Structure formats: structure tokens, C-alpha cells
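The primary structure of each chain is shown beneath.
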Amino acid sequence: MKKRNFGFAMSMVLAAGTILGACGGGEEADNNGGGNGGGESDKFTVGMVTDVGGVDDKSFNQSAWEGLQAFGKENDLEKGTDGFDYIQSKSDADYKTNLNTAVRNGFDLTYGIGYKLKPAIEEVAKQRKNSQFAIVDDVVEGLDNVTSITFKENEGSFLVGVVAGLQTKTDKVGFIGGVESELIDKFAGGFEAGVKAVNPDADVVIEYAGAFDKADKGQQMASAMYSSGADIIYHAAGGTGNGVFTEAKSLKQKDPSKEIWVIGVDRDQAEEGKVTAGGKEMNVTLTSMVKRVDLAVQDVATKAQNGEFPGGEVIEYGLEANGVSIAPTQDNLTEESKAAVQEWTDKIKNGEVKVPTKPSGK
Amino acid sequence: MSVSKNWTVLAVPVISVLFGLLAGAIIMLVSGNDPAAGYAALWNGAFGDSFYTGETLRQMTPYVFAGLAVAFAFRTGLFNIGVEGQLLVGWLASVWVGLAFELPKFIHLPLAILAGAAAGAAWGFIPGFLKARLRVHEVIVTIMMNYTALHVTNYFIRDVISDGADATDPVHETASLQSEFLQSITDFSSLHNGIYLAVVAAILMWFMLEKTTLGYELRAVGYNQHASEYAGMSVNRNIILSMVISGAFAGIGGSMQGLGTFGNMFINSGFSGIGFDGIAVALLGGNTAIGVVLAALLFGALKVGSLNMPIESGVPNELVEIVIALIIFFVASSYMITWLLGRFKKKEAK
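Note that the protein sequences, when read in sequence, are chains A and S.
Residue 280 in the working numbering sits at position 280 of the first sequence, with consecutive numbering throughout.
Residue 10 in the working numbering sits at position 10 of the second sequence, with consecutive numbering throughout.
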């Protein structure tokens, strides 16, 4: 009896699925860009949708937002739907909703920040053919209303790798990546190549946190790396990287003479490294690999405003256009590494050195 | 007596939500925001036009399954906190089946959903078995199983289904729940056929619990284990069965994500939160099928609508989360409201 009921339940689920399967194909929809209401002013308006990091991630969402703010300032726009604004995503399911909300609010150009938004942008851009989109950190192919903005992170990472290779005392440096992916591999590959270029004996430990928003995980990993003898950690992990700074600072507070460093990413993270230890102001940020998401965002917005929206194109910002570079704050760099950075920058720019996009052994 | 009891059952969740909204309004007011504009934006973002209604229903779909899963176990006296993990393995299993086979739709889609249900059921079986045989508390085991599920699914996505990528390919069209018809009537929202399944599942749960011998036994065990044992029911068997069915509901919730909302599965850096919200959904819904559906609708609306609050009304994201949390808080403190209602009635009687 009971068995029969259970079987009955299961067959009902099966039947339901079958019925639903049958009503799969519907008619083709053709109302593109349905809700282009919103800000009907003649001003050029820009919106951005963050990934789960949010605009205060001290990393590339924040950098993109700074770019938008700069663009707004340049063009006398105000924050809001009549000027420029951001929409924050709380989970991966929110990307599509938020992109649509941006379109509905009438933004002339909408940025999707981060490669996680790629599938959502692809889909929404196909549906809203009259709206312009740009994706940062990934490539969307074959759509005329999407510009892809990418960076040669490997080149910038190579330069901070050179610094790390020259300034490590223990001949052991660490790399903490967010999620293991093609993008983060570019950071790891460039960094490793840079270290090895100036210090072939140095050991580069590469690890991944599996998340961009887990500062506690970053802190744990940094703690393990520092105690295993690494003295410089380069992080490419967004919010997770904040934990690396926390750990370095607390180690420094316990023992101010300890020489440990963090290399920041995306923005000049000198601010995050400030610490008062043993009564003195110190900074654990050795330098940062700056990825000028802000410049890129501003650049594409300006182009679009002038009617030259580079739809369907992939724009790659490298050392050449200052799209990536070493941070302006270089107080902790030795003269030797400053000179080396200059030397290798020239070598990369004139094509003498090709920087790998993957760590060795991949 | 029974009439007034029914009235309380309905009044408590409604009052909880109202209290939550009221407390949220006060907080918005104190922090210098306009509560009316905030709630208007919430409403517009949830039901403002067909697109947002579609998104709300889409968000509601997995909530229904998660809520049903928690409620089902709860009726047998079990606290299934492992819905999150069961949902993840169900998500993985259905995407896997959706990718691995090439079958006609009328076989492929049900098969993928059943795979999700089976995976979730298997994940629910373990704590059920441990509880029944060794008296290990299911709360501990299910919490652990959540983490196991998270990392196991991530491993499978990265190293088994794909070659080091952080997301699987989209499932074949024949295993997809996505519906052009639903998308066209909701202006390209990501609403999918899963919403029908959610309704069917709610009816199924009601039927199973209220109209079958199996359901009667499960509920009896929930009321009083010793009495059920004395009456000749196998308590252990019912505990395991309850966790298995609960896990199956959760697993199908995962299928909704895998075959409907996203069409694939990706590396999750943390929990999706749907399983945990399912606890609140079940609580708010009084562990009944219809209550769960209504509570899931409310949660879907809050989640989707809240995304619109910052941009339309300028209420900061953080406040939105506080408001949502307050509503959940008041739901959870339903005891307080029951007590208040009791006081109220006593005074009236005087």
C-alpha cells in the first residue's frame, strides 16, 4: 500500500515533467528593448552592474565605479538614473535581473563588471538589441551592441613579479588567486614569469581561495603561506585579498621587525597596507599591480557618448596604453627594483619579452 | 476553539510580516530615507511590470521546493538544515544528466529532474539513516553535509564534468526548462516551466501528508515517537523516509536552478542561501503546503524587489538587507506574537 503511494507520487512527478516538456517551444518573441522608458533626457547616461563583490570591494568593482564617477564629473552628470549609477548584485541569480533593470532605467550604456556576468550579458544583449553594453574582464563575441574590455594582466603581474623576485629575502613568494580560471591564470602566469626572470632560484607558491568575497579564507591562506616561509604574497582575489592584508598587518603588529609584504591588485592598495606597529607608521604593501578599470570604463563611455561606441570589438588594455601598470606608490621599492621595472617595461613594450598567460605546468 | 486556532495560524505570519515592514519603515525613517518611496520601489521591483513579476516567480520557484523540503521533514519532527546541500547535489545531478545524454525531450527532461530528486534524496538519506540507526542528531549531520555538498559539487564541475573550467556548458535543449512562451509574456524575464512543477510539488506534498497512510504515519512520528512506536509504526523507517522525501524536494529545487534559471552549474564560492531561506519560508508558511507557496512568493518578491530599491529610491543596499532580516526575525519570533495575541484576547474577554 505504502509502496504504491510512493510509486504514485513518483509517476505524478514524471507525468508532470512529460506534460511540461511538451509545452516547451512557443512562438518567437520580437519585442526588443521593451522598456526603454526612464531617463528620456538628452544627456548620455551610464549604468553599471557589479558582481557579488559590490562597489566597495576595494578592487575592480570599486575601480569601475570610480571610472564612472570620473566620467560623470567630466560631463556634469549626477548620480542617479539621469546620470550614472550602479546596481549591486547579491547573488549570481541577480545578474540578469539587474542588467534588465539598467536597460529599463534607460541607461545609454550599461557595464557588466566581471567575467561572471558574461552569460547574463550575452543573453540580455541579444534580447535588447537597442541597448549598448560593455563587459569588463571577458569577451562576448558576435554581438554588435557589446564591447568587451580586457586587460593584459599578465604584463602588469610580470612587473610586480620582478619586484618580488628582487626583494624576497627567503627566496619564496606566494600567490593567492580568487577562483581558478583563465583570467586569474594570467595574473599567476605573469607573476611567476616575472619572479623567475630576475631570480630563477625563487620558489613561487600558487594557491586559489575559490572565492572573491571571502576575506577570512584569504587570511587563513596568507597565515599558512607566511608561516611556511614566504615573505611576499601577491593576491589577485578581490575581497578575499583583504584578508591577506589583515594577516600581514597583524603579523607586523606582533613583530615589527618581521619583513613581510603584500602586493596589491587592481587598484593602488597602499591604503590597505597601513599599520601602526611598535609605535611607528609602517606599510605592508610592497606595491600594487594596477589595472586601470577606471580608465577603460571612462574611455569606452566617452567613445560611446561621441557616437563611436566600439560595439562587437574587443579592446585590450596593456602596458602600452597604461591599462595595466605598477602602482604610483613605490615607497617600499628599492632603487634596484625600480630600475628593473623600467627595464622590463621597455622589454615588454618593444616585444622583446613575451609574457605567458598561464603559470608553468598548466 | 478550532476556529480561533485557525485564525491564529493565519494571523501570526501576517502580523509578523507587517511588524517587519513597520520596523523596516522606522529604520528607513530614522536613517533619513523615505519609507514610502522605498516600499514603492520594492513593490515596483517585484511586481511593477510583467518582467519583474516573471523574475519574482522565477525566484519563488526554488524557494517553494526548499520550503516544502524543510516543512516535510518538520512535520515528522525532523529539522532538515541540509536543504542547501541537497539542493546543490540535485542541481549538479540534473545538469549532469542534462549534458551527458541526448534523448527526446519527453524522456530527457523528466530524467534530469528525477536525477536531481534522486541525488537530493541520497543526500537526505545519510542523515536520516544516521539518526534512525545511531541517534546522531540530524541538525549536526545536515550542516556538515552542506559543506560536503558544496565542495564535492565544485570538484565535480571543475575536474569531472569540465576540464578545469569554472562552469559547465549549458544543458541540452531537450533537458531545459526554459520556456520561450513564458519569456515572451514576461518581457524576457528568466521565468521557466519550473513554476508549474513547484505548484504540482506543493499539491503533492499536501496529498502525501494529509491523504495517505504514509503521510499519517510520518505525522504521527512527528507528534509523538513513542506513541507511534507503541501503535506499531516503525519510527526508524519513517525517519529515513521523511529525510529521503525531504531531500528529493530539495534536489528538485536544485534542478530548477540547473535546468531553468541558469541552464548550467558553476563553481559556487559559497552557499546560494536558498536552502537556508527555505527554513524561513517553511516557518512563515506554518509548515503547510499552501503556506509554503505563499511564503515563497513573499520571499521571492522581497529578494527580487529589493534589488530595485537602491536605484529607484536611493535606499542603500545594506538597509534593504536589514529590512528583509527584520521580517524574518519577526516571523521567527512568532511565539511572541502568539503571546501578544493571547494577551489581547484576554483583555477583550474581561
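By construction, these hints were calculated from the structure, which means they are not laboratory data.
Everything numeric in this text was worked out from a predicted model, so none of it was measured.
Errors might be hidden in some of the hints.
Stated by the list, open to error - Derived lysine to any residue pairs resembling SDA-like cross-links, with alpha carbons at most 25 Å apart: (1) A:43 x S:22; (2) A:118 x S:156; (3) A:258 x A:358; (4) A:338 x A:362; (5) A:362 x S:40; (6) A:129 x A:362; (7) A:90 x S:10; (8) A:90 x S:106; (9) A:126 x S:167; (10) A:362 x A:208; (11) A:358 x S:181; (12) A:43 x A:90; (13) A:58 x S:181; (14) A:118 x S:170; (15) A:129 x S:181; (16) A:118 x S:266; (17) A:118 x S:22; (18) A:118 x S:158; (19) A:90 x S:27; (20) A:73 x A:42; (21) A:358 x A:182; (22) A:362 x A:199; (23) A:358 x S:27.
Said to hold, decoys possible - Just a sample of chain A residues kept apart from chain S, beta carbon distances all over 10 Å, derived: (24) 54; (25) 70; (26) 74; (27) 85; (28) 87; (29) 89; (30) 116; (31) 128; (32) 210; (33) 211; (34) 212; (35) 214; (36) 259; (37) 268; (38) 281.
Just so you know, even glycine gets a beta-carbon here, dropped at the ideal spot from N, CA and C.
### Query
For the pair supplied as a hint, residue 118 of chain A and residue 170 of chain S, is the alpha-carbon distance within the 25 Å limit?
holds (13 Å)
### Task
Decide if the proposed pair is consistent with the structure: residue 338 of chain A and residue 362 of chain A, CA atoms, cutoff 25 Å inclusive.
violated (30 Å)
### Task
Take a quick look at whether residue 118 of chain A and residue 266 of chain S sit within 25 Å of each other, Cα to Cα.
holds (13 Å)
### Message
Check whether the Cα positions of residue 43 of chain A and residue 22 of chain S lie no farther apart than 25 Å.
### Response
Distance ~38 Å between residue 43 of chain A and residue 22 of chain S Cα, so the pair is violated.
### Task
Determine whether the non-interface label on residue 128 of chain A survives the test: each CB of chain S must be over 10 Å from its CB.
violated (8 Å)
### Query
Does the structure keep residue 358 of chain A and residue 27 of chain S at a Cα separation of 25 Å or less?
Violated, because 49 Å separates the two Cα atoms, which is more than 25 Å.
### Distance rule for residue 87 of chain A, whose beta carbon must clear each one in chain S by more than 10 Å
violated (5 Å)
#### Entry: Holds or violated: residue 90 of chain A to residue 27 of chain S, with C-alpha atoms at most 25 Å apart
With a Cα-Cα distance of about 21 Å, the restraint between residue 90 of chain A and residue 27 of chain S holds, given a limit of 25 Å.
### Query
Given the proposed pairing of residue 118 of chain A with residue 22 of chain S, does the C-alpha separation stay at or below 25 Å?
violated (39 Å)
### Query
Taking the minimum C-beta separation from residue 70 of chain A to chain S, is that value above 10 Å?
holds (20 Å)
### Cβ separation check - residue 89 of chain A to all of chain S, threshold 10 Å
Residue 89 of chain A is in fact no farther than 10 Å from some Cβ atom of chain S, at 8 Å.
### Pairwise hint evaluation, residue 181 of chain S against residue 358 of chain A, where the allowed Cα distance is 25 Å at most
violated (43 Å)
Hint compliance for this structure: hints 1, 3, 4, 5, 6, 7, 8, 11, 12, 13, 17, 23, 24, 27, 28, 29, 30, 31, 32, 33, 34 and 35 are broken, all remaining hints hold.
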